[in-house]
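Colleague: Listed here are the chains, written in short residue letters.
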Amino acid sequence: EPEVTQTPSHQVTQMGQEVILRCVPISNHLYFYWYRQILGQKVEFLVSFYNNEISEKSEIFDDQFSVERPDGSNFTLKIRSTKLEDSAMYFCASTEPGSSETQYFGPGTRLLVL
Amino acid sequence: LAKTTQPISMDSYEGQEVNITCSHNNIATNDYITWYQQFPSQGPRFIIQGYKTKVTNEVASLFIPADRKSSTLSLPRVSLSDTAVYYCLVVSTNYGGATNKLIFGTGTLLAVQP
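If you're matching them up, the sequences are chains D and L in order. Here the first sequence is numbered in the working numbering, starting from 489 and rising by one per residue. Here the second sequence is numbered in the working numbering, starting from -3 and rising by one per residue.
Just so you know, the hints here were simulated from the structure itself, not pulled from any lab data. Hints should not be assumed to be uniformly reliable.
As the list claims (entries may be wrong) - Facing chain D, a subset of chain L residues (Cβ under 8 Å, in silico): (1) 40; (2) 97; (3) 98; (4) 99; (5) 102.
Said to hold, decoys possible - Computed from the model, here is a short list of chain L residues facing chain D with C-beta under 10 Å: (6) 32; (7) 41; (8) 77; (9) 79; (10) 83; (11) 87; (12) 95; (13) 96; (14) 100; (15) 101; (16) 103.
All figures in this text were calculated on a predicted structure; none of them were measured in a lab. C-beta atoms are modelled at their ideal positions from N, C-alpha and C, and glycine is treated no differently.
Please model the entire structure based on the sequences and the hints provided.
Modeller: Below, the structure is given as structure tokens:
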């Protein structure tokens, strides 16, 4: 069964450093999402992406965040200057055409900012 | 998006049927009811989705009364591995060309004991 993959599984970084989280969505999917989950809290929507542009973003997704689909397979989330409060699990999700109600989530990247 | 309310936690024993009820009083005509499951340190996983009446798949059943103001996720004969957080979400129909963010609540923590 096809699945969403994410790399790395864990990342530790120093405050102020840039991090890039990578996702490979399911191959025929067209809608892409990033969510995050701070330890013990809800899963929060960050941004959605379709047709090579941001479709919607939350208040969390400020100027420090950016997303890119550099080629036909990868979908990346960049945090330019990490803060302590960016420590969380980051999940990528994708949906197939015509069925965006069903989102397929990746295993997540656990980001720890020191 | 309609707000959902579900119990914070439930306990069960192996082999029992578990029913988790969710209320969504403000559900709109074009909204679907969707349930996701999340294990610790993993991404949410789609379980089942419905619009009205009953939907059944290999994992669960979803019961939706005629007024659609609530829904019940039914897990038959749970096992220890069903211990997880279960989220009820109301998702608007996507008619194409737009992404569809998911709004997660706190979910129901189901603890299955031997």
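Colleague: Does residue 87 of chain L pass the interface check with chain D, least Cβ-Cβ distance below 10 Å?
Modeller: With Cβ-Cβ at 5 Å, under 10 Å, it holds.
Colleague: Please verify that hint: residue 102 of chain L, Cβ, nearest Cβ of chain D, below 8 Å or not.
Modeller: Because about 6 Å separates residue 102 of chain L from the closest Cβ in chain D, which is inside the 8 Å limit, the hint holds.
Colleague: Holds or violated: the hint that residue 83 of chain L contacts chain D, with Cβ atoms closer than 10 Å.
Modeller: holds, 8 Å
Colleague: For the hint on residue 41 of chain L, just tell me whether its beta-carbon gets within less than 10 Å of chain D.
Modeller: holds, 7 Å
Colleague: Quick check on the hint: residue 97 of chain L CB to chain D CB, less than 8 Å?
Modeller: This interface hint holds because 4 Å falls under the 8 Å limit.
Colleague: Is the interface hint for residue 101 of chain L satisfied, with its Cβ closer than 10 Å to some Cβ of chain D?
Modeller: holds, 7 Å
Colleague: With a cut-off of 10 Å, does the beta carbon of residue 96 of chain L approach a beta carbon of chain D closely enough for the hint to hold?
Modeller: It holds, given that the least Cβ distance between residue 96 of chain L and chain D is near 4 Å, below 10 Å.
Colleague: Would you check whether residue 79 of chain L satisfies its interface hint, that is, whether its CB is within less than 10 Å of any CB in chain D?
Modeller: violated, 17 Å
Colleague: Can we keep the residue 95 of chain L interface hint, with Cβ of chain D closer than 10 Å?
Modeller: At 3 Å from the nearest chain D Cβ, residue 95 of chain L passes the 10 Å test, so the hint holds.
Colleague: Does the closest beta carbon of chain D sit nearer than 8 Å to the beta carbon of residue 99 of chain L?
Modeller: Holds, because the Cβ-Cβ distance from residue 99 of chain L to chain D comes to roughly 7 Å (cut-off 8 Å).
Colleague: With a cut-off of 10 Å, does the beta carbon of residue 32 of chain L approach a beta carbon of chain D closely enough for the hint to hold?
Modeller: holds, 8 Å
Colleague: Less than 10 Å between beta-carbons is the criterion; does residue 77 of chain L satisfy it with respect to chain D?
Modeller: violated, 17 Å
Of the hints listed earlier, those the structure fails to meet are numbers 8 and 9, in rising order.
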